[in-house]
Amino acid sequence: MSHAGQMPDWVALSTALLVLLGATLALIGSFGLLRLRSFYDRVHAPTMGTTLGVALVLVASMLLFSALESRPVLHEVLIGVFMILTTPVTFMLLMRAALHRDDLKDAAQVPRRSDSAAPPDHAAEPDS
Amino acid sequence: MSAIVLTVSIFIAQVLIALAMACATFRLLRGPSAQDRVLALDTVYVNAMLLMLTFGMRTESTLYFEAALVIAVLGFVSTAALAKFLLRGEVIE
Numbered sequence: 001m002s003h004a005g006q007m008p009d010w011v012a013l014s015t016a017l018l019v020l021l022g023a024t025l026a027l028i029g030s031f032g033l034l035r036l037r038s039f040y041d042r043v044h045a046p047t048m049g050t051t052l053g054v055a056l057v058l059v060a061s062m063l064l065f066s067a068l069e070s071r072p073v074l075h076e077v078l079i080g081v082f083m084i085l086t087t088p089v090t091f092m093l094l095m096r097a098a099l100h101r102d103d104l105k106d107a108a109q110v111p112r113r114s115d116s117a118a119p120p121d122h123a124a125e126p127d128s
Numbered sequence: 001m002s003a004i005v006l007t008v009s010i011f012i013a014q015v016l017i018a019l020a021m022a023c024a025t026f027r028l029l030r031g032p033s034a035q036d037r038v039l040a041l042d043t044v045y046v047n048a049m050l051l052m053l054t055f056g057m058r059t060e061s062t063l064y065f066e067a068a069l070v071i072a073v074l075g076f077v078s079t080a081a082l083a084k085f086l087l088r089g090e091v092i093e
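If you read the protein sequences in the order shown, they are chains W and P.
Position 119 of the first sequence, counted from 1, bears residue number 119 in our numbering, the numbering being contiguous throughout.
Position 37 of the second sequence, counted from 1, bears residue number 37 in our numbering, the numbering being contiguous throughout.
It is possible that some hints are incorrect.
[To be verified] Computed, partial: chain P to chain W, Cβ under 10 Å: (1) V15; (2) M21; (3) A24; (4) A34; (5) R88; (6) I92.
Just so you know, the hints here were simulated from the structure itself, not pulled from any lab data.
C-beta atoms are modelled at their ideal positions from N, C-alpha and C, and glycine is treated no differently.
Work the whole structure out from these sequences, hints included.
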């Protein structure tokens, strides 16, 4: 840390708090990925790290580099926008793949919607 | 004083992210189905991106930012391709 003495105290302390919170959220998400029981539970857990964890670390990085270079450094917004756009896309693709594979293998594992008015087969989803 | 707090907390954050990567790697190795492994691989990518960002904050260099961006893009592309493969059996049809 060569220039760290030049930044004000509140920048250093809030950066430290933000980066610790973001890393803790990433750890909680990955731990949930390890501990939850079925795939349909596990797909929820890492989203905590990919949304709020990434956002907090990015805000901390923006704050630190803005204070170090004495100008607003905003290029971390690029990663934030990219993650927010791509994470739902990949996870929805993965969920459709998992539903398709579980339907082929063992249809009893697939969680159904709770109202039984819908027909039990996938007639409402023609392309799944 | 505050610089020491910042250095120590960035180091602790790196340890936490490394633990998160270890959890995801364990799921990647053990995961009962293929979609579990793909999900774990995506989590490993996100955690590696966070680790790159904290390395950049620790060394005060913006070079790590480009590495983090490349890791984010590659993670999206690889996870989307693997999910498409699991869905249809082919990536490009």
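Hint check results:
Taking 10 Å as the C-beta contact cut-off toward chain W, the hint placing P:V15 at the interface holds, the least distance being around 8 Å. Hint status for P:M21: holds, given a least beta-carbon distance of 7 Å to chain W, under 10 Å. At about 5 Å, the closest approach between the beta carbon of P:A24 and any beta carbon in chain W falls short of 10 Å, and the interface hint on this residue holds. Hint status for P:A34 relative to chain W: holds, with the closest Cβ pair at about 8 Å, below 10 Å.
Satisfaction of the interface hint for P:R88 is found here, the shortest Cβ-Cβ separation to chain W being roughly 9 Å, below the 10 Å cut-off. The restraint placing P:I92 at the interface with chain W is violated, with a minimum CB-CB distance near 14 Å, outside the 10 Å limit.
The structure shown violates just one earlier hint, number 6.
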